[in-house]
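Participant: Sequence:
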Amino acid sequence: VIDAWYDSGSMPFARLGAPYKSGAEFERAFPAQFICEAIDQTRGWFYSLMAVAVIVFGQSSYENVVCLGLVVDSDGRKMSKHLGNVLEPLPLMEAHGADALRWFFAASGSPWATRRVGHAALEEIVRKILLTYWNTVSFLALYANAAASGGNAWGPDRRGEAPAPMDRPVLDRWILSELHTLVRDVTTALEGFDTAGAGRRIAGFTDELSNWYVRRSRRRFWEGPRTGESASAFTTLYECLETVTRLMAPITPFLTDYVWSALRGTDAPESVHLACWPVADTALIDPELSAEMALTRRLVELGRSARASATVKTRQPLARALVGAAGFASLPDELRAQVAEELNVHALETLADVDVELVDYSVKPNFRALGGRFGKATPVVAKAITAADAAALAARLRAAGTVTVTVDGKEVSLGPDEVIVTQTPKAGWTVAADAGETVALEVTLTPELRREGLAREAIRLIQDARKSDGLDVTDRISLWWEASDPDLSAALMEQRTVIANEVLATGYQSGQPSAENGNAGYAEHTDDLLGLRFWLRRA
538 VIDAWYDSGS MPFARLGAPY KSGAEFERAF PAQFICEAID QTRGWFYSLM AVAVIVFGQS
598 SYENVVCLGL VVDSDGRKMS KHLGNVLEPL PLMEAHGADA LRWFFAASGS PWATRRVGHA
658 ALEEIVRKIL LTYWNTVSFL ALYANAAASG GNAWGPDRRG EAPAPMDRPV LDRWILSELH
718 TLVRDVTTAL EGFDTAGAGR RIAGFTDELS NWYVRRSRRR FWEGPRTGES ASAFTTLYEC
778 LETVTRLMAP ITPFLTDYVW SALRGTDAPE SVHLACWPVA DTALIDPELS AEMALTRRLV
838 ELGRSARASA TVKTRQPLAR ALVGAAGFAS LPDELRAQVA EELNVHALET LADVDVELVD
898 YSVKPNFRAL GGRFGKATPV VAKAITAADA AALAARLRAA GTVTVTVDGK EVSLGPDEVI
958 VTQTPKAGWT VAADAGETVA LEVTLTPELR REGLAREAIR LIQDARKSDG LDVTDRISLW
1018 WEASDPDLSA ALMEQRTVIA NEVLATGYQS GQPSAENGNA GYAEHTDDLL GLRFWLRRA
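Quick note on numbering: the sequence shown equals residues 538 to 1076 in my numbering.
One thing to keep in mind: the hints can contain errors.
Lysine-lysine pairs mimicking DSBU-like chemistry, simulated, CA-CA at most 30 Å apart [said to hold, decoys possible]:
#, residue 1, residue 2
1, K947, K963
2, K901, K920
3, K618, K850
4, K901, K850
5, K920, K665
6, K963, K850
By construction, these hints were calculated from the structure, which means they are not laboratory data.
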């Protein structure tokens, strides 16, 4: 015992020869800010460090303990050679990467909880977090280098071409606000030894950056960094990725150092681990804009849900959407445009301003809830509910949370659990609602809308063909087409400018390429379902 635990407990000062020498160095290093070990070390390591230091110096040798839970297999069983469920760390790292394993232990749950480690958990980390980060970096690199052949490639040394952060478009201001909120929150979490909290915030921001900011800004990168809009988009995305790389570096040191080598400018340190920790710029944090963007995204999700329930493809344009939500009336025009584009509607209107009934209501009694309260009188109350005006009853229940019905000449108050309200969208509409917010889509299609939808389908096919033919994202093409469906043919003529701009076609002709018009190098593509046949080549 003297050899093991007394010796271990004396380590913080004995290694320096204190208290007999190394006084200044000892003062700087004692006590430690924190120690970290598993829960089975409580009676040994934690106790001996504290007990020996208190006996000699009158204080503990550490200020904080991060106490780790035990590692078990994916079924919650203790790992054992006898059970054959031992996972060796090196093969795990070879399969998923060392950073995935580090993220699992640092950020996937509370450190003191028992940890179920397995291939599925690590695969999820790679797919949802590390690959999302990697793909966003790859997107920036792809478009930044796309114009290199023309001498217009974007690099971090061109950040000065972008407007000041507060003068950039709303998407840029929003993501920069979220970025500096992230820096503040991750710094606070790590200073409190909360690596799980830091990991959750980083993962959430990376998802927002990839699946909202980049997706909504994609068009701004197409033209290269020549315009103010594009320069702002390139600079904003770079600033986000460069900062997130520094925030992730303590948890995922290998991936971030590799990315840093591609991201860093000429004046940056060689390694991310030599870079300074980022500092939040509170002047760029805009809680009001964050709340407005959160509302925007909720409305988009509701609209998508409404489309899905009516089995209407997102590529099919619709006439209008009606929105009922607190704060929607004051939503800036830029964010309203985001909602309209995401929902692919021509017009976006406030539900309160439109005199239209969206749903039919039906109400029926919840006999299980009523029976416990009214007993033998339940059938009479149920009859009163069924006889009531369904729309009026539903409206009162939604507004006040309770409703009254007349039973034998007396008013009886009912709660929301005692009345079952069913909403059925009226013909021509699809509706989704949640937490007091409603989005209704008018799904009746005019011939013009149908042709617009056909044009969108054609754009999708041509874009897929560009990828399969190995064209770069900025390559211009020459395009010929034939359509067996008259409606599709009309759509391709009506929407020719939109289609040509979307697929980067400098030449757009109906018919087949022939020897007379220079048919060399064209690749043919056919889609029998749509009735479209087209040929394209690099212009």
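Participant: It remains to establish, for every hint, whether it holds in the given structure.
Facilitator: Status of the hints after comparison with the structure:
no.	hint	in the structure
1	K947 - K963	violated, 34 Å
2	K901 - K920	holds, 9 Å
3	K618 - K850	violated, 53 Å
4	K901 - K850	violated, 34 Å
5	K920 - K665	violated, 52 Å
6	K963 - K850	holds, 19 Å
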